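Trainee: In case you want the letters, here they are:
Protein chains: 4
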Amino acid sequence: MNYQPILDRIHGALKPVIGQGKVATYIPELASVSPDHFGMAVVSLDGTVASVGDADVPFSIQSISKLFALTLAFQREGDSLWARVGREPSGNPFNSLVQLERESGIPRNPFINAGALVVTDILVSRNTNAEIATANFLGRLCGRSNVTYDPRVAQSERQTSSRNAAMAHFMKSFGNLNNKVGEVLDAYCRTCAISMSATDLARAVAFLANRGTNPWSGEKVLDASSAKRMSALMLTCGTYDAAGDFAYRVGLPAKSGVGGGIVAILPGECGICVWSPALEETGNSYAGSLALEMFTTLTGKSIF
Amino acid sequence: MNYQPILDRIHGALKPVIGQGKVATYIPELASVSPDHFGMAVVSLDGTVASVGDADVPFSIQSISKLFALTLAFQREGDSLWARVGREPSGNPFNSLVQLERESGIPRNPFINAGALVVTDILVSRNTNAEIATANFLGRLCGRSNVTYDPRVAQSERQTSSRNAAMAHFMKSFGNLNNKVGEVLDAYCRTCAISMSATDLARAVAFLANRGTNPWSGEKVLDASSAKRMSALMLTCGTYDAAGDFAYRVGLPAKSGVGGGIVAILPGECGICVWSPALEETGNSYAGSLALEMFTTLTGKSIF
Amino acid sequence: MNYQPILDRIHGALKPVIGQGKVATYIPELASVSPDHFGMAVVSLDGTVASVGDADVPFSIQSISKLFALTLAFQREGDSLWARVGREPSGNPFNSLVQLERESGIPRNPFINAGALVVTDILVSRNTNAEIATANFLGRLCGRSNVTYDPRVAQSERQTSSRNAAMAHFMKSFGNLNNKVGEVLDAYCRTCAISMSATDLARAVAFLANRGTNPWSGEKVLDASSAKRMSALMLTCGTYDAAGDFAYRVGLPAKSGVGGGIVAILPGECGICVWSPALEETGNSYAGSLALEMFTTLTGKSIF
Amino acid sequence: MNYQPILDRIHGALKPVIGQGKVATYIPELASVSPDHFGMAVVSLDGTVASVGDADVPFSIQSISKLFALTLAFQREGDSLWARVGREPSGNPFNSLVQLERESGIPRNPFINAGALVVTDILVSRNTNAEIATANFLGRLCGRSNVTYDPRVAQSERQTSSRNAAMAHFMKSFGNLNNKVGEVLDAYCRTCAISMSATDLARAVAFLANRGTNPWSGEKVLDASSAKRMSALMLTCGTYDAAGDFAYRVGLPAKSGVGGGIVAILPGECGICVWSPALEETGNSYAGSLALEMFTTLTGKSIF
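Protein chains in written order, with my numbering: chain A, 7 to 310; chain B, 7 to 310; chain C, 7 to 310; chain D, 7 to 310.
Chain A with its partners taken away, still in its complex shape (with noise of 0.2 Å):
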């Protein structure tokens, strides 16, 4: 299917709303990005791509890359992981330290940031430079050598980070967290603080949409089953604590940053990624969600 025409009809029907709600500022750095950016990109599972706008823009993937660290951290400890991390939609704000209570230490998803924040645990215990690693990972995905993370924005972050410390410093106190909680924050917050452009992200995403196997190296990142689950998990808990109203408009797996980029996938079709950094009052970027919302209304493809 030739994506082009449907990216174009959405980018023109989009323009009077880019900028609409609030770009994230409580991290200092992300504020300072201007409201009116807009990219989206699609890569077919046979290398052709379609992309309107900033498509090639680099942005601050933010939680984004929890889907990639999961990854990584499920390619190495497999299923022993949900030991440590639940699946479970939350129910809650992103950053609730409600449910870590009730539930003795255990996020509710990976996807969350307590639960991004094990997960990094995990990357830790295995790498001299658990960012490196994901960045390297995500560079692999892309078929990029030079995937890496913002340094001003990752020490922007470190600086605003009491409430993911106090979450570490929390499940520490369940024993789930295995290393220093400051090397774990320094971690996360680098990873969040990578910076790739949609179109990259869209190819990055793909293996997913692809039972698994990167399309672009042939190299099985998940076994067909794994990629599925991952789906599965995107769909359910990818998008903050809107993720029934969002997969009830938009029907695709998909996972969203507060920087405004959203990844998603078409199953045995393609990888997608919209970026524009003005958000809803849930984390996911307005017009971002809007523009997959046509996306799947003018395909009329979806998982459902």
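To be clear, the hints were calculated from the coordinates, so they are not data collected in a lab. Note that the structure is predicted; figures quoted are calculated from it, not measured. The reader is advised that the hints may include incorrect statements.
In silico lysine to aspartate or glutamate, DMTMM-like type, Cα no more than 25 Å apart, as pairs [as the list claims (entries may be wrong)]:
hint	chain 1	residue 1	chain 2	residue 2
1	D	226	C	299
2	A	21	A	286
3	C	307	D	35
4	B	28	A	109
Calculated Cβ distances over 12 Å to all of chain D for the following chain C residues [to be verified]:
hint	residue
5	31
6	38
7	50
8	135
9	146
10	169
11	185
12	247
Ideal placement from N, C-alpha and C gives every residue a C-beta, glycine not left out.
Given chain A's structure and the hints, the job is docking chains B, C and D onto it.
Mentor: Relative to chain A, chains B, C and D alone:
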């Protein structure tokens, strides 16, 4: 695809675990059902039926009715329904009042009890006998004229409905219930007490696998987009607080009931129903969940 | 001690603020009471009465009744009562269901609505008309034969009691309510609707300042130890979620009602009641709280 | 009043139960204390000392220090302190983060850990060594020059302070902590590790029974009104989540610590301290609570 050999294989493999778990005991009439039942049916969109075990034994559909009551209410109310009930996973056990308090009487989704009470309230406002409206709707969907509820189960449930009464009064205190609590509870308990076989339920749910159109009568039950969205709701909210885990393991939109039934769909292919009364702690049928997990593993088909 | 000059001074000082705050509106009949009332009475154990303003105007005692219903139930049940209701401050707004859910249907204390419903349930089990039993008990305590409830207020309250109904059904689901919810609510609403003046309430509460013995009749209402313990409960739980602040500012055991009344005691000295219908956000009378704070400041007396 | 015979009687009566309960184990150094200690001291305002058992054996005062740190901070900040910490009972176990999240980083009262961390933060802002400031203050109150903390206990506590670190970071995320989390935790753990005997603590707390004036030196520690208010806080919040029950059973303003100590006052009469390391589930000394209950029963004196 011929599903009969697959069902036979599932039936054989699960025989040792049928009966493991616990039959729901909080409704006395349900507690008397033998845990050793197991039945499963798959009805392809061309009408082919594959089935095993007790697939034609009627059982109490319980919360499976929530899917059909919602469809009926949605036919009449459309999107305005979402002003009274959310679309997010609950992140809490299925009968929790905490969430309801925090969110001002708006239940998180229509598949938890509180949400289904709101749906029932809508149907009570529009029908003399809401439970008969839903039973007749189920009859039209599966091509039977005699779908009805078991009055003993309804009465047994009504006598132990203190917690549902609490939720109904609580929502009324927030202005989210229009009819008398007693009438809504009567209708709710009778609707839960509808009795059907797995084969009939697989037939009834097939319209959701057929883009919203009843494959047997050609009637358009929902438009294609709404049917997909209903499936998305099933995936994210259909199996109580285990929806994330269910999506991860099974990967099919599904709705379960404490009677031990689970309906599911494979879009474009078939309606599915499995029944086995012994439940996991999550309230879902133990053997039933395993059967669906085997089904997607053996067929290699899921929505992801 | 001659309290009259002190009451006069309080009355004078508070005139500018009487009427500040909000009259309770959730019970329509209460909403029609003028916010400009203010009355206060101090009845010394020797029978001397000091009073100002509307001290002899009857008002709806509302939750103040909880203190007397509890005393009556405790007379009959003794310490076994504490198996069904706790003695800890609630730490939550006074009508919260969250606590009740977390603690399996055992209300935190007898002065929140849930706890008072349990106390009412006990009285309903022992009396044909629980509300008349409590009214008669109040009559004996203050030496009046005609203490009764206002049926219009009772009916108004009953019609807006969805939240209390929710709590009652919820406790019934945990097995902590023996009578029919409707009967308990009827008795509860009528008991809250008992109408008395500040002077009569100051007289009625004086037994708690007198080591449990009714100073007017000599009747032993409670033994000395139980009377002290009842006072301790008033101090820690008597003024909704503001008990800590109230103890800090006022330092007297007290029980408030949303009708704007507050009863208090100075052990060994006197019973006190103040009434002014406009409430703080905490549900306690605004001018009434200030009056009691002035009372302990001007007399230099509190329990601490 | 001569309290010696009463203490002797209490000591005799409690001998069979001393050691029942559990010594706090989450701080390794505390876990090594024998559960069989029991000491009690009453210091009358005329200087008379009554004591039994291990009344002169120093123990780790732990949360008892919160009372004195608060007094010191209140001396300097006055009522502005209440903008950063509340005065209400917590209604939750003493180390809960839930309340903190719901109330935007403002702890419910200064006697739960979170509140004490805020108090410590205030002292750290005003002193080079907050822990020494509090120790010296305690020394002045009891007339000793050598009050100090046990560095092994402080270090042991600091190494197991993940949960306190979580709360400190969490409050910092709400802007309610001005100093570095590490510095605040250091000072907090050292302050908790102050070591004193029951006799010295009974002497130190006596100013609260003496309208705020140190009875030994004549120094005005707090004005009379503030001293009464501090006592009110002890009564409503001083014994963790058991304050209601403690007020009911004992009826004295008190502050307990997990080291097994409890200080209390009888206004106008005496300061009291009891120590026995084995704790109830609520975190209060088991034999200590019983001793105070016997004390009010035998003397017939309480604040009610």
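Trainee: Is the Cβ of residue 135/C more than 12 Å away from each Cβ in chain D?
Mentor: At about 30 Å from chain D, residue 135/C clears the 12 Å cut-off, so the statement holds.
Trainee: Closest CB-CB distance from residue 38/C to chain D, is it above 12 Å?
Mentor: holds, 32 Å
Trainee: Is the claim that residue 185/C lies outside the interface with chain D correct, judged by CB distances over 12 Å?
Mentor: holds, 27 Å
Trainee: If we take the beta carbon of residue 31/C, is the closest beta carbon in chain D still more than 12 Å away?
Mentor: Residue 31/C is indeed farther than 12 Å from all Cβ atoms of chain D, at 25 Å.
Trainee: Verify this label for me: residue 169/C is non-interface relative to chain D, using a Cβ-Cβ cutoff of 12 Å.
Mentor: About 19 Å separates residue 169/C from the closest Cβ of chain D, which puts it past 12 Å; holds.
Trainee: Are residue 21/A and residue 286/A close enough, with their CA atoms no more than 25 Å apart?
Mentor: holds, 17 Å
Trainee: Would you check whether the claim that residue 146/C is not at the interface survives, using Cβ distances to chain D and the 12 Å cut-off?
Mentor: holds, 23 Å
Trainee: Beyond 12 Å from every Cβ of chain D: is that where the Cβ of residue 247/C lies?
Mentor: violated, 6 Å
Trainee: Are the Cα atoms of residue 307/C and residue 35/D separated by 25 Å or less?
Mentor: violated, 44 Å
Trainee: Against the 25 Å threshold, does the CA-CA distance of residue 226/D and residue 299/C hold or violate the hint?
Mentor: holds, 23 Å
Trainee: Confirm or reject: residue 50/C is not an interface residue toward chain D, with every Cβ-Cβ distance exceeding 12 Å.
Mentor: holds, 18 Å
Trainee: Assess, step by step, whether the Cα of residue 28/B is no farther than 25 Å from the Cα of residue 109/A, and give holds or violated.
Mentor: Roughly 24 Å separates the two Cα atoms, so the pair holds.
Of the hints listed earlier, those the structure fails to meet are numbers 3 and 12, in rising order.
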